[in-house]
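Colleague: Listed below, chain by chain, are the residues.
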Amino acid sequence: MTSALDSGSTAWLLTSCALVLLMAPGLAFFYGGMVRSKSVLNMMMMVFGALAVVMVVWVVVGFSIAFGDDLGGGLVGDPSQYFGFKDMLEADPEAVYPITAFAIFQGLFAVITVALIAGSIAERTKFGTWLIFAGLWTVLVYAPIAHWIFDFSAGDHVGGWMANNLKALDFAGGTAVEINSGAAGLAVALVLGKRIGFGREPMKPHNLTLVMVGCGLLWFGWFGFNAGSALAANNLAAVVFANTLLAGCTGMLSWLLVERLRDGHATSFGAASGVVAGLVAITPSCGSVTPIGAMVIGVAAGAICAMAVGLKYKLGYDDSLDVVGVHLVGGLVGTIGIGFLACATVQGSIDGLLYGGGTDQLGRQLVAAGATFAFSFGVTYVLALVLEKTIGFRVEGDDEMAGVDLVEHAETAYDLTPTTGGARPHIAGGTGTLLDKD
Amino acid sequence: MTSALDSGSTAWLLTSCALVLLMAPGLAFFYGGMVRSKSVLNMMMMVFGALAVVMVVWVVVGFSIAFGDDLGGGLVGDPSQYFGFKDMLEADPEAVYPITAFAIFQGLFAVITVALIAGSIAERTKFGTWLIFAGLWTVLVYAPIAHWIFDFSAGDHVGGWMANNLKALDFAGGTAVEINSGAAGLAVALVLGKRIGFGREPMKPHNLTLVMVGCGLLWFGWFGFNAGSALAANNLAAVVFANTLLAGCTGMLSWLLVERLRDGHATSFGAASGVVAGLVAITPSCGSVTPIGAMVIGVAAGAICAMAVGLKYKLGYDDSLDVVGVHLVGGLVGTIGIGFLACATVQGSIDGLLYGGGTDQLGRQLVAAGATFAFSFGVTYVLALVLEKTIGFRVEGDDEMAGVDLVEHAETAYDLTPTTGGARPHIAGGTGTLLDKD
Amino acid sequence: MTSALDSGSTAWLLTSCALVLLMAPGLAFFYGGMVRSKSVLNMMMMVFGALAVVMVVWVVVGFSIAFGDDLGGGLVGDPSQYFGFKDMLEADPEAVYPITAFAIFQGLFAVITVALIAGSIAERTKFGTWLIFAGLWTVLVYAPIAHWIFDFSAGDHVGGWMANNLKALDFAGGTAVEINSGAAGLAVALVLGKRIGFGREPMKPHNLTLVMVGCGLLWFGWFGFNAGSALAANNLAAVVFANTLLAGCTGMLSWLLVERLRDGHATSFGAASGVVAGLVAITPSCGSVTPIGAMVIGVAAGAICAMAVGLKYKLGYDDSLDVVGVHLVGGLVGTIGIGFLACATVQGSIDGLLYGGGTDQLGRQLVAAGATFAFSFGVTYVLALVLEKTIGFRVEGDDEMAGVDLVEHAETAYDLTPTTGGARPHIAGGTGTLLDKD
Amino acid sequence: MKLVTAVVKPHKWEEVRAALEGVGVTGMTVSEVSGYGRQKGHTEVYRGAEYDISLVPKVRIEIVVEDADVDQVVDTVVQAAQTGRIGDGKVWVSSVESVVRVRTGDQNEAAI
Amino acid sequence: MKLVTAVVKPHKWEEVRAALEGVGVTGMTVSEVSGYGRQKGHTEVYRGAEYDISLVPKVRIEIVVEDADVDQVVDTVVQAAQTGRIGDGKVWVSSVESVVRVRTGDQNEAAI
Amino acid sequence: MKLVTAVVKPHKWEEVRAALEGVGVTGMTVSEVSGYGRQKGHTEVYRGAEYDISLVPKVRIEIVVEDADVDQVVDTVVQAAQTGRIGDGKVWVSSVESVVRVRTGDQNEAAI
Ligand SMILES: Nc1ncnc2c1ncn2[C@@H]1O[C@H](COP(=O)(O)OP(=O)(O)O)[C@@H](O)[C@H]1O
Ligand SMILES: Nc1ncnc2c1ncn2[C@@H]1O[C@H](COP(=O)(O)OP(=O)(O)O)[C@@H](O)[C@H]1O
Ligand SMILES: Nc1ncnc2c1ncn2[C@@H]1O[C@H](COP(=O)(O)OP(=O)(O)O)[C@@H](O)[C@H]1O
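Protein chains in written order, with our numbering: chain F, 1 to 438; chain H, 1001 to 1438; chain V, 2001 to 2438; chain S, 3001 to 3112; chain E, 4001 to 4112; chain D, 5001 to 5112.
Incorrect hints may have been included.
[What the hints assert, rightly or not] Derived lysine to aspartate or glutamate pairs resembling DMTMM-like cross-links, with alpha carbons at most 25 Å apart:
1. H:K1314 <-> S:D3052
2. V:K2167 <-> H:E1090
3. V:K2194 <-> E:E4050
4. F:K194 <-> V:D2415
5. H:K1194 <-> E:E4015
6. F:K194 <-> D:E5044
7. F:K314 <-> F:E400
8. F:K314 <-> D:E5044
9. F:K194 <-> D:E5014
10. F:K314 <-> D:E5014
11. F:K194 <-> S:E3015
12. H:K1389 <-> H:D1399
13. V:K2194 <-> D:E5014
14. H:K1314 <-> S:E3050
15. V:K2194 <-> E:E4044
16. H:K1194 <-> S:D3052
17. V:K2086 <-> F:D351
18. F:K194 <-> D:E5050
19. F:K389 <-> F:D399
20. F:K314 <-> D:E5050
21. H:K1086 <-> V:D2351
22. V:K2314 <-> E:D4052
23. V:K2194 <-> H:D1415
24. H:K1194 <-> S:E3015
25. F:K167 <-> V:E2090
26. H:K1194 <-> F:E400
27. H:K1314 <-> S:E3044
28. V:K2194 <-> D:D5067
29. H:K1167 <-> F:E90
30. H:K1194 <-> S:E3109
[What the hints assert, rightly or not] Now the in silico label distances, taken between C-beta atoms and shown as ranges:
31. F:E396 <-> S:I3086: 19 to 25 Å
32. S:I3086 <-> D:E5050: 57 to 63 Å
33. F:E396 <-> H:G1348: 33 to 39 Å
34. H:G1358 <-> V:T2002: 49 to 55 Å
35. S:Q3107 <-> F:G199: 53 to 59 Å
36. S:A3110 <-> D:E5050: 29 to 35 Å
37. F:G348 <-> V:E2396: 52 to 58 Å
38. D:A5018 <-> F:G316: 18 to 24 Å
39. H:L1315 <-> E:D4106: 43 to 49 Å
40. F:E396 <-> S:R3038: 21 to 27 Å
Calculated directly from the structure, the hints in this document are not laboratory data.
Source: prediction; values computed, not measured.
Idealized CB from N, CA, C, for every residue including glycine.
Start from the sequences, fold in the hints, and give me the full structure.
Modeller: Next up, the structure:
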C-alpha cells in the first residue's frame, strides 16, 4: 500500500503533541507557584482537571465543531462529523500525517486555553463548578473560535470565516488561545469578584522555584505549540522555532528592564512573566515575522505587559495571576504586530506596514482580535454568571480564609518538618463543616 | 550505500528513548513527594540508582537474555548473543531503525519496571542492598519475562512463548512492566514488613507539588513508552498516542469521582494517582483499543485502583506507595480489558468480547497475566528473602525513626530557613552510629 | 520544487533544539538547589538571564563569528556573513536540514556554556554585571572557540584550526563547552574571591529535590546536546544516544562508590554530581567510543571528579558549585579519553591508544584541551577584572550576608507558612539601602 | 512588665493583629507552632483508611506589655480569636523582669 | 500554674507525647527549633572537607500545668526523652500568673 | 536562674552566637519567628502596586542562665545584634524556677 505519510513530519507532530501536553503541568506549576501556599493544590487541580475534562469533550464533540464541515457563515463546524473521533482511526493513504495526531494536537490547544483562564480566579473557586465550566466553555466558546481561525477550507471542505474570508493571520493561536483566554479570564474574574484582602495584602508567589519550573516547562512545550503548528518538519518549522526562542528571550529582558527602571529591581517573577509575555505575543506572529521581527515583538510584549499587570489595581478587578495583563494584552500585541511586522520572505505573500505592505493586513488583524474578544467575553460572562447564581462558582469567605486546598481538597501541599512528618491534619467531610471541626 | 533506515521513524524512536529516560526522574519525584520528608532523598536515590544499575546490567547481558535467540521453550534468550552490545554498532543496511536505539528503548523499560518496585518498600530500605537487588532482579525476572512477551519470532529468530505461542496481546508492557512490578512489589513488601507506625499514622505525602511534577513528567514520558512502542512514526503511533492521553484523563476523573463520593473531597494526590492508574491500564491495551475504548479503560482503572489502594490496610501489608494497588491492579485491568475491548480496526485482526470476538483472546490474556504474576512473585520473594537474611534489606528501627535520608545518605532534603542556611547538620560515619552522635 | 531536506533528520534536529533549550532551566534548578535558600533566585536568574542575552548576541553576531568564513588562520569567522541571521530564512533546496535549526542548536550550546560559568560565582554576583559579562564573553571567548572546533571546512567554506588542521575530535563540546566553561569559571571565581564564611560553614544545598529535578532535566536535554550533534536521525545518533545514557549511569555509580568508601555514605548530591560528571566526559567522546568505552569514561569521570571537587578547599578558591571540579576536570577526562578509547567501528577512522591506534590522536587532544584552557582562562580573567574594577562584579559584604535574592531581586524564594502567606517582606529600592530599611 | 503568650488558630491571626493594633500594641513576635489539645481525637479518612490526628497548626504570639495593659491585651486577643469551637487556643501571662530595646539600649517600660 | 518548656530530640517527640498523655496531660504547644549546646563541636565531612556543626534540630514543647502536676510532668518528659547521649535536651519551669481558654473565656485552672 | 529571650535580625544571628560563645554561654535554643514592630508601616512596591508590610523575619534565641550571668548575657546580645536601625529587636528576662538536663537528670545550676 503506497502512502503519502511523511514519517519525519509525523515524528515532529507526535513530538509536538507531547510537548504541548507538557505545557499543562508546566502551567500548573507556573500558576501553582504564584498563589499563596494555602491554594497551590487547588490551582494545580484546576489545570489538571481542565486537561481531563477538555480532552474528553474534545474527542466527543469539540474537534468536530472546530474542524467539521462548516454549517454556514464560517461560524461553526458540523458536530456530528467526527463525533467520538469516528472514522478517523484507519490510515488514510493520502494523509501526510495521521489525522488523529492533528486532532489531538488541536485538542491540547483547547486544554491550554481553558487552563489559562483558571489563573484569573485563583484561590477562590469551587473545583466542581470549575470542571463543569471547563467542559461547557470548550463547546460554547473555544471550539467555535477555533473553527473561525484554524479551519482552512480545502477541496470540498469549507472552514471558518476568519481564516478563509477575513484572511486574518494567526499561526498558532493569538486569537483562539491568547485573546480568547484573556477575555474569558476577565469575564470570570468580574463575576467571581476580588479575593478577601486584594489590594491590601501583596499575595505574593509562595514558591518562586516552582514558578520557574513551570516557566521552563512552558517554554519547552511552546516549541511544540508554535513550531508544531507548521504541521511539518521543514524550513518554516525551523524559522518558527527560532522566533519562539527569541521572542521569549527579549520578552524577558524587556520586562526586567521595565522593573529595574520603575521599581529599582529586576525580579525572578518578572523574568518568568516576561518570557511568557514574549511567547504569547509570538504565538500568532511566529509564522509571519523574521527573527529580528520576533525580537521586536518580544521587546514590545515584555514592556507593555509589564505595565499592563498593574492595571488591575487601578481598575479594581482581581485578575489574580494576570491572565488579562499577559495573555489578553500579549495576544493583542502579537496579533496586531503582524500588521506591522509580517514579512513575505518568511511565508506567504503578506508584508506588514513596516515592510511596505500597507494597512490592509493590519485591519484584518484588528477585526479578528476584536471579534474574538467580544464573543469570548460576552459568552463567558453569561456562562459564569449562570453557574455562580445556580450551583455557585466561588467558595464561602471563611473557606477562602482557611484556604481552598484544605476546604476543596482536604489537603495541604507541604509538610517539610520532622515532627509532624506525614501527620499534619486535613479535614474530612464536606465544605462548610471545616470550621466546626477545626 | 543504500539503506532501509527510515529517518522519521528513527527520529521518533530516539525521541521516545529520551521520553522514557525522563520517566525515571519523573518517577523519582512522584514517589519522592509521597514519602515523609525524612525519606525523600532515599526514595529518589532508589530510582536513580536503579536506572544506573539496570542499564549497565542490560548492556552487559540483559538485552541478550530478552532478545537473543530463544534457548528453548520460549523461556529465555541466548545471553551471549548480544553480550556487551557486541556486533550491534555498525549500521545495518536492512534495518528500518538502528538496533542500538531499540536496545536502549527496551533497556529503559527494564529501568522503569525495577524503579516502580521501590515504591512498595519506601522509607525503610538499605540503599546498597537495593542496588544489588535491582541488578539481580533484572537478570532473573525482568529479562526472561520481556523475552516471553516482547520478543517476536521473525525469520530465523525464535522469540518468547507468550508473544508467539500463546499470542497474548501486550503493546507496551502490561505484563512485563506493570503486573511484574506490582507482583514483585508485593513480594518485597511482605519480606521487609511494615513501617513503624503503619496503620496508626497517616504517613501522608510530604510535598504534593513534587508529586505533581513527577506525575506531569511521567505522563509526558509515557507517550514515548506507549507510542514509541509502535517503533515507527505512523498512523498506529498516533492512535496509541491518543489512547494514552485519553486513558490518563479518564483515569483521573474516575478516581476523583470515587474520592468525592466516598470521602467527600477530590484530592490532588488522587488526581495524580488516577492519571497513573489510567496510564498503567492503557499500556498493554493502547495498540488494541479505540479512543472510546481507551476512555473506558481509564474509567475502569481509575475507579478500581482508587478502591484497591485501601486493601493494604485491611490485609495488613505495607505497600507504601501503592505499587500493588495501582500497577498490579491497573495492569490487570488493562491486560484483561483487551479481551473485552480489542477492536480490529485499530490494528491486527483481534476483536474483543464486546466487539463480538468471543472469549478466546480473553483467555490468552488471563494466562499471560497469571503466568507473569506467579513467576514474578515467586522469584522476587525468594530473592528478597535471601538478601534480607544475608546482608540485610531493611534498616534498623532506630534508623528508620531518625529517617533513611540521614542514616543512609547523611543528608536532609530541605534547608529553607535563613538561620541555619546551609549549616544544618548531617551525620558522617556508618549506619548505627547515628544515635550516638546525634 | 525538489529539495534535499530530510524531514526525519529535521524532526530530530528540532527536537534536539528543544531538548537543549530545556537544559537551561534544568541547569537553573540544578544550580539553584545547590545554593543556600537566600541565593536561589539569583542563581536561577543568572542562568535564565544568560539564555536571553546570549541568544540575542548569537543572532546578531555570534553565529557569524563561529560559523562564518574564516578570516585567517582558522581563528575567527566573518562576523558580517550571517549578521542578524541575514539570508538564512529562505529554504535552501540543497540543505538536508534547515540552517536556521542548525544556528539555533549551536546558539543553545553557547547559552549552556555561559550559564555553566555562573556556578563558580554563586551567591555573590551583581545581576546586571553578569548580563554584561555574558554578552561580551559570548563574542570574545565562546564564538571564537566554537569556530576553532565546530566549524568544519566544506566546499568553499574554510573553518577553524582545531577541527580542520589539528584534527582534534570533539563530538559535542568537550573543549568549547566543558573545558571552556571550567576554565572561565576558575578565572571569575579568582577575580570575585571567596564567599564570606567559605571553608568555615558547609554551605550545603538548600533543596536537594530541586537539584534532582535539575539533574533529571539536564540528562534528558543532554540527549539533544549529544545525539543531536549527529545532525541526523541515523545509526550514529543511536550509538551516541546509548553512550550518553551509559556514561551518566556509570558516572553516578562511580561517584557514589568514592563517597561510600571515603565518607561512609553515598549521597544524593553525589549521585546528581556523578551523573553530570559522566555526561560532561562523554560529551566530546560520545561519537568516538563504544558503549563499553562510554561506561569506562563514565567510571573515570565519576571517580576523578568526586575527588577533584575537594581541591578548592585545599587550594583556597571558591568555585562555589564545582564548575572546575566537574566541567573542567570532566571535560579533560573526556577530551583526553578519546586518545585512549576512540574506536574506528563507531565512526571515522581513528583508533585510540587502547585500540592500537598509537599516541597520535592523544597528542591532538592534549593540544586542543590546552589551547582551549589557556585562551579561555586568560581572556576571561581580564574581562572579569575589568568589570570588577569598573562597574563592580561582586555585591557588598552586608548584602551578601542578607542574601543576593533580597538585595539584587527584592524577593525571597519560599513562603510556605500560613501566617505570612504572601505577605513576607521584600525590600524595594536600590542595593545598599537594604540594611537601612530592614 | 508581663509577657502575654497566645496560641490561636492561623486564620485568626490577621484579626488578632488588627485588634491589638486597635488597642495600641506596637510590637509582638509571632511563630508557627503545632497545637495538641482537645482537637485531637478527631479522625480523618485518608485514602480509605481512618486516622486519629493529634497535631494541628497554630500561631503563637508573644507580646511584652506594661503591667497596666495586661488585662486589655488578653481580653482583646480572646475576643478577636474566639470562634467558640474547639481548638480556639490559650492565652497565658507570665512576669518579665526586664526588657531592652536592642537598637537603643532603652530599658524596661521605655523599651516596649 | 507553671509553664514547663522542654527541648528534646525530634525523634523522641512521639514517645514524649504518648508518655504525657499517659499522665493526663491534655494540651501542649509544639514547635520546631534548633539547638545549640554540647553537641556542637562535632565535625562532619562534606564533599571531602571537614566542618564544625553548631545547630541541630530539636523539638520544643510548652505545657501549662497546675502547680501540683509540675514534678510529674517534668519527670515524665525527662524519662521519655532520655537516650543518655549528648544532646538529649533541657526542661525548664517558670511561673504563670494567669491562663485563659480562648473558646470559653475560662480562667486559670479551669482553662488548662 | 533566668531565661533570656532575644529577638534579633536574622543576619545578626551568627555574630550573636559567636559573642555569646566568647562569654562562656554553652547552650541555647533558636527558632525562626516573624516580628511585628516599628518596622511595620514601611511600604514596598510589588508589580506596580504599593503595600504596607507588617511581618519581618527574625530569629528568637532562648538562653537559660545563672542569675549572676544575666547582665553580661543581655549586654553581649545587645551589643552583637545592634545595628542602630529600626527593627534591631528586643531582649527580655524572666525568672526560671528549675531546670533539668534530660540526659543526666541533673538539676538547676548543674543542668545549665
Ligand atoms: N496545657 C496547655 N499548654 C500549652 N498549650 C496548650 C495547652 N492546652 C492547649 N494548648 C494549646 O491550645 C490549643 C487549643 O486547645 P484545645 O484543647 O484544642 O481547645 P480548647 O482550648 O478550645 O478546648 C492547642 O492546640 C494547644 O496549642
Ligand atoms: N542554656 C541553655 N538555654 C536554652 N537551651 C539550652 C541551653 N543549653 C542547652 N539547651 C538546649 O538543649 C539542647 C541539648 O543540650 P546539649 O548541651 O547539646 O546536651 P546535654 O544537655 O545533654 O549536655 C541544646 O541543643 C539546646 O537546644
Ligand atoms: N512588645 C513586644 N513584644 C514582643 N516582641 C516585640 C515587642 N516589640 C517588638 N518586638 C519584637 O522586636 C522586633 C523589633 O521591634 P521594632 O519595633 O521593629 O524595632 P525597635 O525595637 O528597634 O524599635 C519586632 O520585629 C518584634 O519581633
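Colleague: None of the hints should be skipped; say for each whether it holds.
Modeller: So, going through the hints one by one against the coordinates:
1. For the hint linking K1314 (chain H) to D3052 (chain S), the alpha-carbon distance of about 17 Å falls within 25 Å, and the restraint holds.
2. Using a Cα cut-off of 25 Å, the hinted pair K2167 (chain V) and E1090 (chain H) holds, with the two alpha carbons roughly 23 Å apart.
3. Of the pairs offered as hints, the one joining K2194 (chain V) and E4050 (chain E) holds, with about 17 Å between alpha carbons and a cut-off of 25 Å not exceeded.
4. Annotation: proposed proximity of K194 (chain F) to D2415 (chain V) holds, straight-line Cα distance about 22 Å (limit 25 Å).
5. For the proposed pair K1194 (chain H) and E4015 (chain E), the alpha carbon gap of about 19 Å is at most 25 Å, so the pair holds.
6. Taken as a hint, the K194 (chain F) and E5044 (chain D) pair is honoured in the structure, with Cα atoms around 21 Å apart against an allowance of 25 Å.
7. Pair hint K314 (chain F) plus E400 (chain F) holds up; C-alpha atoms about 24 Å apart against a cutoff of 25 Å.
8. Between K314 (chain F) and E5044 (chain D) the alpha-carbon distance is near 17 Å, which keeps this suggested pair within the 25 Å criterion.
9. Restraint check for K194 (chain F) and E5014 (chain D): not satisfied, since their Cα atoms lie roughly 43 Å apart, outside the 25 Å limit.
10. Note on K314 (chain F) and E5014 (chain D): the hinted pairing is violated, with a Cα-Cα distance of about 43 Å set against a maximum of 25 Å.
11. Proximity of K194 (chain F) to E3015 (chain S) is assessed by CA-CA distance (about 19 Å); at most 25 Å being required, the pair is judged to hold.
12. Only pairs whose Cα atoms come within 25 Å are accepted, and K1389 (chain H) paired with D1399 (chain H) is accepted, the gap being roughly 18 Å.
13. Annotation: proposed proximity of K2194 (chain V) to E5014 (chain D) holds, straight-line Cα distance about 18 Å (limit 25 Å).
14. Of the pairs offered as hints, the one joining K1314 (chain H) and E3050 (chain S) holds, with about 11 Å between alpha carbons and a cut-off of 25 Å not exceeded.
15. The straight-line distance between the Cα atoms of K2194 (chain V) and E4044 (chain E) is roughly 21 Å, inside the 25 Å bound, and the hint therefore holds.
16. Straight-line distance between C-alpha atoms of K1194 (chain H) and D3052 (chain S) comes to about 19 Å, which keeps the hinted pair within the 25 Å bound.
17. Distance restraint check for K2086 (chain V) and D351 (chain F): the Cα-Cα separation of roughly 17 Å lies within the 25 Å cut-off, and the hinted pair is therefore satisfied.
18. Between the alpha carbons of K194 (chain F) and E5050 (chain D) the distance comes to roughly 17 Å, so the proposed pair stays at or under 25 Å and holds.
19. Straight-line distance between C-alpha atoms of K389 (chain F) and D399 (chain F) comes to about 18 Å, which keeps the hinted pair within the 25 Å bound.
20. This hinted pair checks out: K314 (chain F) and E5050 (chain D) have alpha carbons roughly 11 Å apart, not beyond 25 Å.
21. The hinted pair formed by K1086 (chain H) and D2351 (chain V) meets the criterion: a straight-line CA distance of about 17 Å does not exceed 25 Å.
22. For the hint linking K2314 (chain V) to D4052 (chain E), the alpha-carbon distance of about 17 Å falls within 25 Å, and the restraint holds.
23. Restraint check for K2194 (chain V) and D1415 (chain H): satisfied, since their Cα atoms lie roughly 22 Å apart, inside the 25 Å limit.
24. Among the hinted pairs, K1194 (chain H) with E3015 (chain S) is inconsistent with the structure: their alpha-carbon atoms are about 45 Å apart, more than 25 Å.
25. Taking the CA atoms of K167 (chain F) and E2090 (chain V), the gap is about 23 Å. The hint holds against a cut of 25 Å.
26. Our distance criterion of 25 Å between C-alpha atoms is broken by K1194 (chain H) and E400 (chain F), whose separation comes to about 38 Å.
27. Between K1314 (chain H) and E3044 (chain S) the CA atoms are separated by roughly 17 Å; this keeps the pair inside 25 Å, and the hint holds.
28. A hinted pair counts as satisfied when its Cα atoms are at most 25 Å apart, and K2194 (chain V) with D5067 (chain D) does not qualify at roughly 42 Å.
29. Taking the CA atoms of K1167 (chain H) and E90 (chain F), the gap is about 23 Å. The hint holds against a cut of 25 Å.
30. With a C-alpha separation of about 58 Å, the suggested pairing of K1194 (chain H) with E3109 (chain S) is violated against the 25 Å cut-off.
31. Our hint of 19 to 25 Å for E396 (chain F) and I3086 (chain S) holds, since their Cβ atoms are close to 20 Å apart.
32. The hint said 57 to 63 Å for the Cβ distance between I3086 (chain S) and E5050 (chain D), and at roughly 40 Å that hint is violated.
33. For the hinted restraint 33 to 39 Å between E396 (chain F) and G1348 (chain H), the CB-CB distance of approximately 55 Å leaves it violated.
34. Distance hint check for G1358 (chain H) and T2002 (chain V): the Cβ-Cβ separation is about 52 Å, which falls inside the suggested range of 49 to 55 Å.
35. With their beta carbons about 41 Å apart, Q3107 (chain S) and G199 (chain F) fall outside the hinted range of 53 to 59 Å.
36. Evaluation of the 29 to 35 Å hint for A3110 (chain S) and E5050 (chain D) yields a pass: the beta carbon distance comes to about 32 Å.
37. Taken as a hint, the range 52 to 58 Å holds for the pair G348 (chain F) and E2396 (chain V), whose Cβ atoms sit roughly 55 Å apart.
38. The beta-carbon spacing between A5018 (chain D) and G316 (chain F), approximately 51 Å, falls outside the hinted interval of 18 to 24 Å.
39. Distance hint for L1315 (chain H) and D4106 (chain E): a CB-CB separation of about 46 Å, consistent with the stated range 43 to 49 Å.
40. One distance hint, 21 to 27 Å for the beta-carbon pair E396 (chain F) and R3038 (chain S), holds here, with the actual separation near 25 Å.
Checked against the numbered hints above, the structure breaks hints 9, 10, 24, 26, 28, 30, 32, 33, 35 and 38 and satisfies the rest.
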